[in-house]
Amino acid sequence: MKMEKPQTPLVLDIQGLTSHYGRIQALHGIDLQVRQGQLVALVGANGAGKTTLLRAISGVQPISAGSIAFAGQDVSRMSADKRVRAGICQVPEGRQVFGPMTVEDNLRLGAFTRPPQDVAGDMERMYGLFPILKEKRLLLAGTLSGGQQQMLAMARALMGRPQLLLLDEPSMGLAPLLIAEIFRIVAELRDQGITIFLVEQNAHAALSIADVGYVIETGAITLSGPGPELLHNEQVQSAYLGM
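Just so we're aligned, residue 1 is where the sequence shown starts under this note's numbering, counting upward by one.
By construction, these hints were calculated from the structure, which means they are not laboratory data.
Where hints are given, some of them may not hold.
List time: in silico EDC-like cross-link candidates among lysine to aspartate or glutamate, alpha-carbon distance up to 20 Å [unchecked claim]:
#, residue 1, residue 2
1, Lys82, Asp13
2, Lys136, Glu181
3, Lys134, Glu93
4, Lys136, Glu104
5, Lys82, Glu124
6, Lys82, Glu104
7, Lys136, Glu124
8, Lys134, Asp122
9, Lys134, Asp105
10, Lys134, Glu124
11, Lys134, Glu104
12, Lys134, Asp74
13, Lys134, Asp118
Ranges of calculated distance between the beta carbons of each label pair, as one might list FRET restraints [claimed, not checked]:
#, residue 1, residue 2, range
14, Gly94, Thr222, 24 to 32 Å
15, Ser67, Glu124, 35 to 43 Å
16, Glu135, Gly22, 43 to 51 Å
17, Thr222, Met172, 16 to 24 Å
Source: prediction; values computed, not measured.
Just so you know, even glycine gets a beta-carbon here, dropped at the ideal spot from N, CA and C.
All chains, full assembly: derive it from the sequences and hints.
Below, the structure is given as structure tokens:
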């Protein structure tokens with residue numbers, strides 16, 4: 001008899017999450033889970049609530065109801081900076097690197113919660129994962145291409161050794177070849193054991209590599225399941241893949 005693979009512990013457990021912008025309800029009773037070592041993707045159109053959910057997880061967007069548990073601890077009312085120190089790191093939409101600073105200084109900023117003596121080894125690990133950053137480590141971040149800035153933003157977040165890496169639209173504004181490279185790296189990070197919650201409008205790229213996928217429409221989860229299964233779901237294909 002085939003034994004089922006045991007489930008890994010929950011890193012993120014969202015139950016009944018509701019959030020408002022003033023009188024406008026942006027999220028409607030979201031239930032979502034991310035387990036240790038998983039790559040979980042949330043896909044949906046512009047304005048569906050993807051970034052609002054990420055902001056709520058990060059502690060930037062207040063919640064109206066429901067709960068957010070991280071590594072078994074209720075963090076629903078925890079401040080954003082305490083969530084970072086607890087192990088939640090976000091790569092924001094639009095990259096937001098520090099342009100007037102060098103690549104290397106941007107990476108060091110990502111490790112601000114950690115002792116300086118622990119940083120050097122991780123810096124080399126980032127250069128191994130993103131060789132182009134080593135080549136350009138002394139250049140100003142603002143001189144990098146869009147794809148290189150996305151790699152820098154991801155590497156900067158990884159310097160904090162997060163228990164949960166949040167990625168917000170990493171493919172935005174990138175050429176197809178660069179999108180393929182970014183998602184190859186995201187899959188490699190998952191294979192290295194990093195737990196990732198990926199928010200993405202490019203449903204095909206995200207669901208192709210996701211262990212689990214969720215679809216969000218007008219602030220509510222409408223579908224969930226293994227990434228490859230959702231990729232072949234007729235509703236998803238019609239709405240997001242032009243099929």
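Checked hints:
no., hint, result
1, Lys82 to Asp13, "holds, 18 Å"
2, Lys136 to Glu181, "holds, 18 Å"
3, Lys134 to Glu93, "violated, 23 Å"
4, Lys136 to Glu104, "holds, 9 Å"
5, Lys82 to Glu124, "violated, 27 Å"
6, Lys82 to Glu104, "violated, 25 Å"
7, Lys136 to Glu124, "holds, 13 Å"
8, Lys134 to Asp122, "holds, 12 Å"
9, Lys134 to Asp105, "holds, 12 Å"
10, Lys134 to Glu124, "holds, 8 Å"
11, Lys134 to Glu104, "holds, 8 Å"
12, Lys134 to Asp74, "violated, 38 Å"
13, Lys134 to Asp118, "holds, 18 Å"
14, Gly94 to Thr222: 24 to 32 Å, "holds, 26 Å"
15, Ser67 to Glu124: 35 to 43 Å, "holds, 39 Å"
16, Glu135 to Gly22: 43 to 51 Å, "holds, 47 Å"
17, Thr222 to Met172: 16 to 24 Å, "holds, 22 Å"
The structure fails to meet hints 3, 5, 6, 12 from the earlier list, while all remaining hints are met.
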